[in-house]
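*Asks:* Each chain is listed here by its residues.
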Amino acid sequence: MFKERLQKVRNLNPLIHNITNYVTANDCANILLACGASPIMADDIEEVEEITSICSGLNINIGTLNQRTIPAMIKAGKKANKLGHPVILDPVGVGASKLRCDTALKLIEEVKFTAIRGNISEIKVLALGKGRAKGVDADIEDKISDSNLCAAIKFAKEFSEKVGAVIAITGPIDIVADKNKAYVIRNGNVSMSKITGTGCMVTAMTSAYISANKDNFLEAVAASISAMGLCGELAHSRLKERDGNVTYRNYIIDEVFNLTGDKLEKGAEYKEY
Amino acid sequence: MFKERLQKVRNLNPLIHNITNYVTANDCANILLACGASPIMADDIEEVEEITSICSGLNINIGTLNQRTIPAMIKAGKKANKLGHPVILDPVGVGASKLRCDTALKLIEEVKFTAIRGNISEIKVLALGKGRAKGVDADIEDKISDSNLCAAIKFAKEFSEKVGAVIAITGPIDIVADKNKAYVIRNGNVSMSKITGTGCMVTAMTSAYISANKDNFLEAVAASISAMGLCGELAHSRLKERDGNVTYRNYIIDEVFNLTGDKLEKGAEYKEY
Amino acid sequence: MFKERLQKVRNLNPLIHNITNYVTANDCANILLACGASPIMADDIEEVEEITSICSGLNINIGTLNQRTIPAMIKAGKKANKLGHPVILDPVGVGASKLRCDTALKLIEEVKFTAIRGNISEIKVLALGKGRAKGVDADIEDKISDSNLCAAIKFAKEFSEKVGAVIAITGPIDIVADKNKAYVIRNGNVSMSKITGTGCMVTAMTSAYISANKDNFLEAVAASISAMGLCGELAHSRLKERDGNVTYRNYIIDEVFNLTGDKLEKGAEYKEY
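Protein chains in written order, with the numbering used here: chain A, 21 to 293; chain B, 21 to 293; chain C, 21 to 293.
Simulated from the structure, these hints should not be mistaken for lab results.
A portion of the hints provided could be inaccurate.
The list cannot tell twin chains apart, which means a pair is met if one copy fits it or any two copies do.
[Stated by the list, open to error] 30 Å max Cα-Cα, derived DSS-like pairs, lysine-lysine:
1. K260 with K126
2. K177 with K260
3. K286 with K132
4. K118 with K234
5. K126 with K286
6. K132 with K201
7. K102 with K118
8. K214 with K99
9. K118 with K95
10. K283 with K118
11. K234 with K214
12. K182 with K286
13. K283 with K99
14. K286 with K118
15. K260 with K283
16. K260 with K182
17. K163 with K102
18. K126 with K99
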């Protein structure tokens with residue numbers, strides 16, 4: 021039940037260590053607070069092990085990565101693994117450069133991730149070691165639709181088995197899968213793609229969900245992805261004529277702040293496969 | 021016609037590579053999305069050439085520059101030049117330190133800019149190699165008014181000829197000039213100076229306009245500057261009693277999101293010189 | 021009188037040099053503008069001396085510190101000291117890692133701070149050289165209440181005497197003290213802790229207050245802390261059913277923008293000890 025997953029985040033108030041980009045760091049911090057967790061951002065190699073040690077989970081996001089922060093990501097990830105902390109990866113724009121691709125693949129090799137969340141193009145790059153990616157957005161040809169849904173679920177399950185992490189592929193239709201089971205989630209609003217950082221934000225929130233729900237990572241990730249989509253729907257219904265993407269962003273985080281287990285349970289739109 | 025310039029951004033959805041400061045990166049990303057473009061931020065020297073290669077344009081902003089990112093700016097700029105991509109420079113606070121001044125002058129020497137946007141104090145520093153600048157704001161003695169407008173237009177045209185870029189000087193009165201022609205734009209609201217990053221934001225948006233309008237850079241820059249000012253006016257008219265500078269910032273980006281070619285054409289206030 | 025302290029910020033429009041974290045830099049810049057000051061963010065060691073020289077005050081915040089920016093903080097601090105500029109320290113999460121603790125202690129050793137602002141856990145770490153800290157939030161056992169208020173005031177006065185800076189301990193009850201006198205301030209709203217960066221923001225605003233009120237640092241700090249709390253109350257009263265922490269953040273900065281000396285004088289809740 022997604023309801024219990026949300027409730028556990030609110031009850032346990034997990035502290036999340038974020039090594040993330042400077043574009044959306046503020047939104048990620050606020051959405052973590054909104055969902056009931058607490059954020060700390062720290063990326064210097066001298067402190068990441070200590071920081072991650074006082075936290076319950078680790079969120080690694082490769083947007084605006086640089087050569088100073090890459091070793092810090094690996095060091096923090098290894099430490100979190102040792103401590104048994106859930107770790108999530110957001111491979112932002114992984115198809116856009118060799119540096120991002122090499123970094124993401126090295127991270128997956130050296131760190132055991134609990135979950136990986138990206139758009140379909142990003143996840144394909146990770147799975148196939150190559151792919152097309154128009155910057156940080158999904159390539160049109162990659163989009164998941166009802167006509168290729170079965171293949172996409174199969175792909176997600178297989179990649180999950182290979183890498184040992186729950187795989188979350190977000191987009192108009194979201195797929196959350198481990199090797200045995202997948203959730204296909206149909207929450208969300210198409211306008212969410214007109215806000216910077218909705219991907220980063222849902223990954224940050226998901227890090228809180230897995231940190232507070234170590235008994236069932238798959239359901240925790242699915243609950244978080246569904247919660248974000250639902251908040252996107254609710255926030256969209258609040259928009260008035262002159263509101264645009266920034267007010268929409270603000271309202272989404274506000275809805276996360278006000279989301280209850282009952283609202284999530286009622287609004288979640290998903291099927292299991 | 022400014023209308024067509026805006027419409028082309030919406031039609032072509034240009035992907036813009038931003039090497040920019042961490043203070044306003046989120047607002048720049050959201051305004052790019054709002055105007056119809058897509059942003060990617062990347063500043064590591066190992067990836068900037070690749071990133072700029074998959075984009076349509078490059079936005080270089082020297083706010084919070086550091087010695088790691090300066091060579092990345094130059095490398096990205098040279099690559100964009102080779103590829104024929106429009107490149108814009110925002111010389112944030114260029115008069116405030118030798119590092120910023122040297123960096124901006126080196127950038128201008130090594131990279132061919134399509135456009136440069138700054139306040140009058142910043143543009144003077146670039147043109148004269150010196151100048152006064154109170155941090156990131158224009159010095160009062162520099163302000164363009166009706167009494168010195170002709171001299172300012174002449175200055176902008178001459179600097180444009182010298183540097184080979186469209187020059188946009190923004191402030192209470194905006195001047196957008198190439199060597200032959202200038203637009204004097206009177207859109208905007210004085211309260212825009214109470215928001216951090218309006219300069220960075222309009223430069224980011226202008227990078228989208230020039231990337232989508234390679235047939236007429238001068239008009240593209242003028243359309244973008246006018247659009248930002250107009251959105252500043254429209255957003256200001258929405259403010260209620262207790263709203264302040266942050267709600268104003270949000271509303272400006274919202275207005276950019278909702279701006280149409282017709283609204284821009286009707287609201288643009290400019291004369292050609 | 022707090023009223024005059026606020027008015028001086030608006031009259032003098034101090035330019036503040038910020039070496040701060042990338043999570044809340046945008047909010048800090050906007051709150052500085054909102055209160056009547058101007059921000060400039062600059063952290064490269066090659067330019068910090070020059071930047072601080074053209075400013076009236078310096079704000080050093082160790083959130084997302086790294087080995088590149090630490091020497092820049094020290095260099096800027098020493099320069100500000102030489103010039104007689106007020107300098108403030110925000111020891112964000114100082115108990116969370118050795119790097120943060122060592123950096124903060126080194127800063128205090130090498131730079132003379134006018135004021136230091138943190139939560140009780142952070143200030144305890146600075147004073148005792150150790151302590152508990154759950155990331156960037158205060159530890160529950162540390163919380164100041166009416167039952168330990170006298171001891172907390174004594175602690176703040178003694179630490180102020182030792183370090184030679186006005187000490188601001190913020191939380192449900194705020195204490196602002198120099199060696200002789202303390203203000204106990206009871207403005208604010210408990211939900212402010214659900215917004216990222218309220219601490220960073222009040223420190224940034226306080227840097228403006230001390231820079232514009234060099235005749236009475238203690239009262240300047242108290243006025244700023246009270247002003248932030250009051251704006252937290254006023255903003256909270258504006259929230260409607262579906263608003264959450266991001267709208268709350270926006271409204272707080274908006275209230276700072278609209279705050280007058282009279283409103284502050286009337287709304288400030290404090291006692292002197």
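*Asks:* Each hint: holds or not?
*Replies:* Against the structure, the hints:
{"no.": "1", "hint": "K260 with K126", "result": "neither (45 Å within a copy, 47 Å between copies)"}
{"no.": "2", "hint": "K177 with K260", "result": "neither (40 Å within a copy, 43 Å between copies)"}
{"no.": "3", "hint": "K286 with K132", "result": "neither (34 Å within a copy, 56 Å between copies)"}
{"no.": "4", "hint": "K118 with K234", "result": "between (33 Å within a copy, 29 Å between copies)"}
{"no.": "5", "hint": "K126 with K286", "result": "neither (40 Å within a copy, 54 Å between copies)"}
{"no.": "6", "hint": "K132 with K201", "result": "within (20 Å within a copy, 54 Å between copies)"}
{"no.": "7", "hint": "K102 with K118", "result": "both (29 Å within a copy, 20 Å between copies)"}
{"no.": "8", "hint": "K214 with K99", "result": "between (36 Å within a copy, 28 Å between copies)"}
{"no.": "9", "hint": "K118 with K95", "result": "both (21 Å within a copy, 16 Å between copies)"}
{"no.": "10", "hint": "K283 with K118", "result": "neither (42 Å within a copy, 42 Å between copies)"}
{"no.": "11", "hint": "K234 with K214", "result": "between (33 Å within a copy, 24 Å between copies)"}
{"no.": "12", "hint": "K182 with K286", "result": "neither (34 Å within a copy, 58 Å between copies)"}
{"no.": "13", "hint": "K283 with K99", "result": "neither (36 Å within a copy, 50 Å between copies)"}
{"no.": "14", "hint": "K286 with K118", "result": "neither (43 Å within a copy, 46 Å between copies)"}
{"no.": "15", "hint": "K260 with K283", "result": "both (22 Å within a copy, 18 Å between copies)"}
{"no.": "16", "hint": "K260 with K182", "result": "neither (46 Å within a copy, 47 Å between copies)"}
{"no.": "17", "hint": "K163 with K102", "result": "neither (37 Å within a copy, 32 Å between copies)"}
{"no.": "18", "hint": "K126 with K99", "result": "both (16 Å within a copy, 27 Å between copies)"}
Of the numbered hints stated above, those contradicted by the structure are hints 1, 2, 3, 5, 10, 12, 13, 14, 16, 17, listed in ascending order.
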